[in-house]
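Build the complex from these two chains, which are given one at a time in their own frames, with help from the hints.
Protein sequences appear in the order of chains A and B.
Under the working numbering, read the first sequence as residues 1 to 115, first letter to last.
Under the working numbering, read the second sequence as residues 1 to 107, first letter to last.
Quick caveat, the hints were computed from the structure, so don't treat them as lab data.
Because the structure is a prediction, the values reported are computed rather than measured.
Keep in mind that the hints are not guaranteed to be accurate.
As the list claims (entries may be wrong) - Chain A stretches covered by chain B per the calculated footprint, using a threshold of three residues with CB under 8 Å from any CB of chain B:
hint: 1; stretch: 9-19
hint: 2; stretch: 70-83
Claimed, not checked - Okay, derived cross-link-like pairs now, SDA-like style, lysine to any residue, Cα gap no bigger than 25 Å in a straight line:
hint: 3; chain 1: B; residue 1: Lys54; chain 2: B; residue 2: Ala76
hint: 4; chain 1: B; residue 1: Lys53; chain 2: B; residue 2: Ala76
hint: 5; chain 1: B; residue 1: Lys68; chain 2: A; residue 2: Gln44
hint: 6; chain 1: B; residue 1: Lys55; chain 2: B; residue 2: Ser45
hint: 7; chain 1: B; residue 1: Lys53; chain 2: A; residue 2: Leu95
hint: 8; chain 1: B; residue 1: Lys68; chain 2: A; residue 2: Thr80
hint: 9; chain 1: B; residue 1: Lys68; chain 2: B; residue 2: Pro107
hint: 10; chain 1: B; residue 1: Lys55; chain 2: B; residue 2: Asn10
hint: 11; chain 1: B; residue 1: Lys55; chain 2: A; residue 2: Asn59
hint: 12; chain 1: B; residue 1: Lys55; chain 2: A; residue 2: Val96
Glycine is no exception: its CB is placed at the ideal position from the N, C-alpha and C atoms.
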Amino acid sequence: KAGVTQTPRYLIKTRGQQVTLSCSPISGHRSVSWYQQTPGQGLQFLFEYFSETQRNKGNFPGRFSGRQFSNSRSEMNVSTLELGDSALYLCASSLVGTDRGDTQYFGPGTRLTVL
Amino acid sequence: KNEVEQSPQNLTAQEGEFITINCSYSVGISALHWLQQHPGGGIVSLFMLSSGKKKHGRLIATINIQEKHSSLHITASHPRDSAVYICAVFRTDKLIFGTGTRLQVFP
Numbered sequence: 001k002a003g004v005t006q007t008p009r010y011l012i013k014t015r016g017q018q019v020t021l022s023c024s025p026i027s028g029h030r031s032v033s034w035y036q037q038t039p040g041q042g043l044q045f046l047f048e049y050f051s052e053t054q055r056n057k058g059n060f061p062g063r064f065s066g067r068q069f070s071n072s073r074s075e076m077n078v079s080t081l082e083l084g085d086s087a088l089y090l091c092a093s094s095l096v097g098t099d100r101g102d103t104q105y106f107g108p109g110t111r112l113t114v115l
Numbered sequence: 001k002n003e004v005e006q007s008p009q010n011l012t013a014q015e016g017e018f019i020t021i022n023c024s025y026s027v028g029i030s031a032l033h034w035l036q037q038h039p040g041g042g043i044v045s046l047f048m049l050s051s052g053k054k055k056h057g058r059l060i061a062t063i064n065i066q067e068k069h070s071s072l073h074i075t076a077s078h079p080r081d082s083a084v085y086i087c088a089v090f091r092t093d094k095l096i097f098g099t100g101t102r103l104q105v106f107p
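Just chain B, same shape as in the assembly (with noise of 0.2 Å):
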């Protein structure tokens, strides 16, 4: 079993819909991470969480220390949200990271 679990592995939305990644992971932790991967490999760090809940523009990414989970929510998806999204967290001395969540948003 990985130590960092994401699922759904593929997800397909409509433009508008309200989406939902989720993240589990067995360990503990000191920190977990959002990535998103464009097609073409650039990653860019979405979020970085230690405790509770943060937003920026339509992403919101919450985390559940006690219950090891955490979760990315993108409000009013749009075409250009399409991408891989990459849960990682950090434990003792290294990131370890989830297979991803496949993400297309159609119009």
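With the rest of the complex left out, here is chain A (with noise of 0.2 Å):
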């Protein structure tokens, strides 16, 4: 089976503009998570979808925003870009999703730079 595949795999973007980043779940999942990691803060969950629905959501502004696809693919969206936003982004795919507990399946992430 395909990995998780995330794309694309770098981006550089000025303050000010918006980004959609894609993650292509492995056939069969359902669940997506987001997750932002930078130096400072480690990794944070951004929000988790599963059939089409937001079903969890981190402590992030509403300028991040996500959505999934009938086919489970899904994107997240960052609006009004900040320096802050610089980071690497990661998806993550699972049969049922993190609240079971369930095993997930890591992209290798998007490399955001904000300049």
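Below, the structure written as structure tokens:
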């Protein structure tokens, strides 16, 4: 089975712009979670989608949003980028979701740099 | 105080040594995960625990729910085990991560 894929792998944007990141889960997985990793804050949970519905959400401002499509692919959008949004954005997929203690499979991440 | 604390933050070892990484948490949880992150960013899920002990190859993970503590052990460590090990707990509606333990194993 193919693993979790994320596109693009690297991205450079300027302050004020918006960005959309994409995640394709492992075939058959219905849950997709998004995480932000920075040197200062470490790994933080953004949100989780299951069957096209946002099921869980971390403590991030409304500039961070996401969606999931009927084929379980997910996108994450960040509007009005700030310098502090520079980070590695990781997505992970699982069969039924993190709240069921399910094993997650991580993608390689998208490294976003905001100038 | 972080809800999930790991110790030590950094660890160096000689090849063949027995390694222990600790994770303590202060909240009620439904599951605890151990993750491995290699240089370059890729993360691999090693274990998911809700009770007891699990073993996979040279890796052993234990959890004590009453004491809110988990340990990850690596037997016969090898340079390829060099990575950051992260513990994460699932609470209510989200995963909360520890700050990680950076392990370097020298030949």
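Status of the hints after comparison with the structure:
1. 9-19: Since 0 is below three, the answer is violated.
2. 70-83: violated (count 0)
3. B:Lys54 - B:Ala76: Holds, at about 17 Å.
4. B:Lys53 - B:Ala76: 19 Å, holds
5. B:Lys68 - A:Gln44: With a Cα-Cα distance of about 21 Å, the restraint between Lys68 of chain B and Gln44 of chain A holds, given a limit of 25 Å.
6. B:Lys55 - B:Ser45: 13 Å, holds
7. B:Lys53 - A:Leu95: The hint holds at about 23 Å.
8. B:Lys68 - A:Thr80: 40 Å, violated
9. B:Lys68 - B:Pro107: This hinted pair is violated, its Cα atoms lying about 34 Å apart.
10. B:Lys55 - B:Asn10: OK: Lys55 of chain B and Asn10 of chain B at ~23 Å, within 25 Å.
11. B:Lys55 - A:Asn59: 34 Å, violated
12. B:Lys55 - A:Val96: 23 Å, holds
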